[in-house]
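Chemist: Keeping the supplied structure of chain A fixed, place chain B upon it in accordance with the hints.
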Amino acid sequence: MATMVTSTRPPEIKKGAGTGPGLPGPNGNGSRRGGSFRDPEQHANRYRIGMWVALASVTMMFTSLSSAYIVRASSASDWIALPMPRVLIASTALILASSFTLEVARRKLKASLTKAYTQWVLVTVALGLAFLASQLSAWRQLSAAGLYLSSNPHSSFFYLLTGAHAVHLAGGLLGLVFLWLRSRWITTDAAVLKKRQASADAVSIYWHFMDALWIYLFLLLFLWR
Amino acid sequence: MSVETHEGVHRHPAPTGFIRKYIFSIDHKVIGIQYIMLALAAVIVGMLMSLLMRMNLSWPGTSWPILATLFPTGAPGGQMTPEFYLSLVTMHGTIMVFFVLTTAPQGGFGNYFLPIQIGAEDMAFPYLNMLSFWVTLVGFIVILLAIFVEGNQGLGEWFAALGPSFRGGSGTVGPIGGWTGYAPLSALGRVAGPGQGAGMNLWVISIAIFCVGSLLGALNFITTLLNMRTKGMSLMRMPLTCWAWFTTAVLALLSFPVLLGGGILLLLDRIAGTSFFIPGGLYVSGLLSGSNPNFPLHTGGSPILWQHLFWFFGHPEVYIAILPGMGATSHILATFARKPVFGYRAMVFAIFAIGLLGFFVWGHHMFISGMSPYSAIAFSILTLSIGVPSAVKTFNWLGTLWGARIRFTTAMLFALGFVSLFVAGGITGLILGQSSLDLAMHDTYIVTAHFHLVMGVASIFGMFAATYFWFPKMFGRSMNEKIGKLHFWITFVGVYAIFVPMHVMGIQGMPRRYSSFGEYEFLASLHPLVVFVSVAAIITIAVQFLFYFNVFWSIFKGEKAGDNPWEATTLEWNTTSPPPHDNFAGVLPTVYHGPYEFAVPGAPNDYVMQTDLEAEVPGENGHNGHKH
Numbered sequence: 001m002a003t004m005v006t007s008t009r010p011p012e013i014k015k016g017a018g019t020g021p022g023l024p025g026p027n028g029n030g031s032r033r034g035g036s037f038r039d040p041e042q043h044a045n046r047y048r049i050g051m052w053v054a055l056a057s058v059t060m061m062f063t064s065l066s067s068a069y070i071v072r073a074s075s076a077s078d079w080i081a082l083p084m085p086r087v088l089i090a091s092t093a094l095i096l097a098s099s100f101t102l103e104v105a106r107r108k109l110k111a112s113l114t115k116a117y118t119q120w121v122l123v124t125v126a127l128g129l130a131f132l133a134s135q136l137s138a139w140r141q142l143s144a145a146g147l148y149l150s151s152n153p154h155s156s157f158f159y160l161l162t163g164a165h166a167v168h169l170a171g172g173l174l175g176l177v178f179l180w181l182r183s184r185w186i187t188t189d190a191a192v193l194k195k196r197q198a199s200a201d202a203v204s205i206y207w208h209f210m211d212a213l214w215i216y217l218f219l220l221l222f223l224w225r
Numbered sequence: 001m002s003v004e005t006h007e008g009v010h011r012h013p014a015p016t017g018f019i020r021k022y023i024f025s026i027d028h029k030v031i032g033i034q035y036i037m038l039a040l041a042a043v044i045v046g047m048l049m050s051l052l053m054r055m056n057l058s059w060p061g062t063s064w065p066i067l068a069t070l071f072p073t074g075a076p077g078g079q080m081t082p083e084f085y086l087s088l089v090t091m092h093g094t095i096m097v098f099f100v101l102t103t104a105p106q107g108g109f110g111n112y113f114l115p116i117q118i119g120a121e122d123m124a125f126p127y128l129n130m131l132s133f134w135v136t137l138v139g140f141i142v143i144l145l146a147i148f149v150e151g152n153q154g155l156g157e158w159f160a161a162l163g164p165s166f167r168g169g170s171g172t173v174g175p176i177g178g179w180t181g182y183a184p185l186s187a188l189g190r191v192a193g194p195g196q197g198a199g200m201n202l203w204v205i206s207i208a209i210f211c212v213g214s215l216l217g218a219l220n221f222i223t224t225l226l227n228m229r230t231k232g233m234s235l236m237r238m239p240l241t242c243w244a245w246f247t248t249a250v251l252a253l254l255s256f257p258v259l260l261g262g263g264i265l266l267l268l269d270r271i272a273g274t275s276f277f278i279p280g281g282l283y284v285s286g287l288l289s290g291s292n293p294n295f296p297l298h299t300g301g302s303p304i305l306w307q308h309l310f311w312f313f314g315h316p317e318v319y320i321a322i323l324p325g326m327g328a329t330s331h332i333l334a335t336f337a338r339k340p341v342f343g344y345r346a347m348v349f350a351i352f353a354i355g356l357l358g359f360f361v362w363g364h365h366m367f368i369s370g371m372s373p374y375s376a377i378a379f380s381i382l383t384l385s386i387g388v389p390s391a392v393k394t395f396n397w398l399g400t401l402w403g404a405r406i407r408f409t410t411a412m413l414f415a416l417g418f419v420s421l422f423v424a425g426g427i428t429g430l431i432l433g434q435s436s437l438d439l440a441m442h443d444t445y446i447v448t449a450h451f452h453l454v455m456g457v458a459s460i461f462g463m464f465a466a467t468y469f470w471f472p473k474m475f476g477r478s479m480n481e482k483i484g485k486l487h488f489w490i491t492f493v494g495v496y497a498i499f500v501p502m503h504v505m506g507i508q509g510m511p512r513r514y515s516s517f518g519e520y521e522f523l524a525s526l527h528p529l530v531v532f533v534s535v536a537a538i539i540t541i542a543v544q545f546l547f548y549f550n551v552f553w554s555i556f557k558g559e560k561a562g563d564n565p566w567e568a569t570t571l572e573w574n575t576t577s578p579p580p581h582d583n584f585a586g587v588l589p590t591v592y593h594g595p596y597e598f599a600v601p602g603a604p605n606d607y608v609m610q611t612d613l614e615a616e617v618p619g620e621n622g623h624n625g626h627k628h
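First to last, the sequence lines map onto chains A and B. Counting from 1, one number per residue, gives the positions in the first sequence under the working numbering. Counting from 1, one number per residue, gives the positions in the second sequence under the working numbering.
Pulled out of the complex, with its shape left as it was, chain A reads as follows (with noise of 0.2 Å):
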């Protein structure tokens, strides 16, 4: 294994030779022993930046049904609107709340108060499953009323966008329950609460997407025709 790395050059030679600079400059990526050991928090990192790359791909899928939606809504004869199913207001309130709750959650974690905080993510778990609750109970409103998702076009974005919002959602929940499910783990090892940290980031960044995202579909369904 000696022979696994080759130094092709003796470090005799100058600086100067060749376009690069120097010295191993900073580049973000923080400080690390003897190049062998990443550093956790740095590491640990990643969770948050691929979920804002993820969220990313979700704004484009959503971007290109709302695009659907517009160009249809406005070339369209047969475009009738649904009546707003009322029990949208308590979903709103619903998943407004639980951002809310989720937030909470996300402090007592700072603060190192792990009971305070499963107890927070449990809240906003149930306030989750309510919001979905909530949409279900709008479809079938709709549904006993004889609006289906062929019936027109509206009744079928209606079904769509709330179908496509309600499966992100239920991938947020998931993510609630995996962090509570770890959150029962107990342990002081900085590295394992560094990344326990970052994953409740970066939870708490999808939840509050699907929120303000629910906000923009349910203001797009209702209001721009």
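If you're looking for bench data, these hints aren't it; they were derived computationally from the structure. Please note that the accuracy of each hint is not assured.
[To be verified] If you want the footprint, here are the derived chain B segments under chain A, 3+ residues with CB under 8 Å:
1) 212 to 219
2) 244 to 257
3) 267 to 276
4) 362 to 372
[Said to hold, decoys possible] Non-contacting residues of chain A with respect to chain B, defined by C-beta distances greater than 12 Å in every case (computed):
5) Q42
6) F62
7) L113
8) T114
9) K115
10) A170
Even glycine gets a Cβ: it sits at the ideal position worked out from N, Cα and C.
Modeler: Only chain B this time, still in chain A's reference frame:
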């Protein structure tokens, strides 16, 4: 999971069992090879389909007994039906674009070499990486099933027994719709005719699955590159390959969700009775929309909307195919020209400019859709402006070669071939990108020739170059250079012999996607050319099996290669061939140099590796030659 942070780079221990090591592996190197194997399998399917198409075009009316055996409904009596031909067109395009040109360059070579080249021990999310491969594989299996369910033969019979929605059309080998699946025909279901039944559903589902797999991959690439670079690996010290893979991942991340959204709408139109893409008053197969239980009432949808959604994805997709090839070409040209890449920064900006502009030109695929001439002009100007960064890249490649003592290895030959094909195919892009000219040339063979040269064959050449170049690193053995050069020359001459005549056909007005031209007298004089193209295609396809032989023979019997057989500078050449499970055997390298320091005055070897020390750094044991 706590192992991750405690043991530094040993984020996950090396697997021991066969299944965890080679099948459900989370090692980016194994996953990269899995992607490459998937592409190697898919490209055979796609290539044989093009062979069948060429046979039908050049020898119409000939009876091929083997076809009668293989496809009793698609080629009754050994003669292909037009539906069979159209489904070949569809499946050839879909399989090649998605499962070859998108998987091998990015998922394959990108997966294998991006982490190593930035000095990381693996991708940021190894399990996600595994998941993205397996999702992609499921997409491939579904697209293969689409062939069988549509045929009503063999497996198709079995599917048809499941119920009416699983029953396909007759006389086809798969869905019909081209790789673009234009609405409204693709949105109607079985009523629209052969090739529009269950196979089409599976086609849409396969594309949607593929989108998900690609998104997971893109997410991983971007996070890895942003977060996992080793000490000293600043952005401007990354090899151009990494820039290309990164830009490709950004394009995939932002364009695949749009196709996914469109695909969901299309599927709902097909199976849930919605009318996103289906206009009112449609009269298809002798039926009026709403007049028949098989053809429910549809109103108000917009078929053009599908085109917009599709091409908003579709144009970035062609850059997803070509950019990794550009990266590999830059990398390989510099290595074998023994010169730094000419204008490294300009190359980086050009990659980004191409990627960015790629999002604003989708309308040039739709000039004949009835769009406003003003939008057409805007799309034209934006399209032509892509010529600027493309020219920057071409001139910088030539600048890299200028005055160099070139080492003509097979990898170098294919990289030079890439430059040649990119220019030859790109030139017609400037013609087709102008709406006034495109109106005449749209849907003729000149379009076929253009995109095959510039995005198909050029990217494949990039991947051939990458294969010959990185093979020693991946398997510890070199590929046979003699067979490689034979492979290069026949392929290089072959692809020009195939696609240059197609320009002539296109200018004479020969439409693409037609199964026969017997009825068109004005095209009769072109028939010898059609036969010539087919003969060239048969020879070129045959030679590819030489490549397959070379790959699989060299894995086991190739000449043993050292750690750095090409005297290259980047980090992958700093480790063993093949690299250990964590890439650098426990010590992450530290980077002191840019990626292309060749022809360094005074250096004993004429090149400086990225890890070579320039001066002693107090308090650092960064010299990676140290092994504790």
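Chemist: Determine which of the earlier numbered hints do not hold for this structure and return their numbers in increasing order.
Modeler: 4, 5, 6
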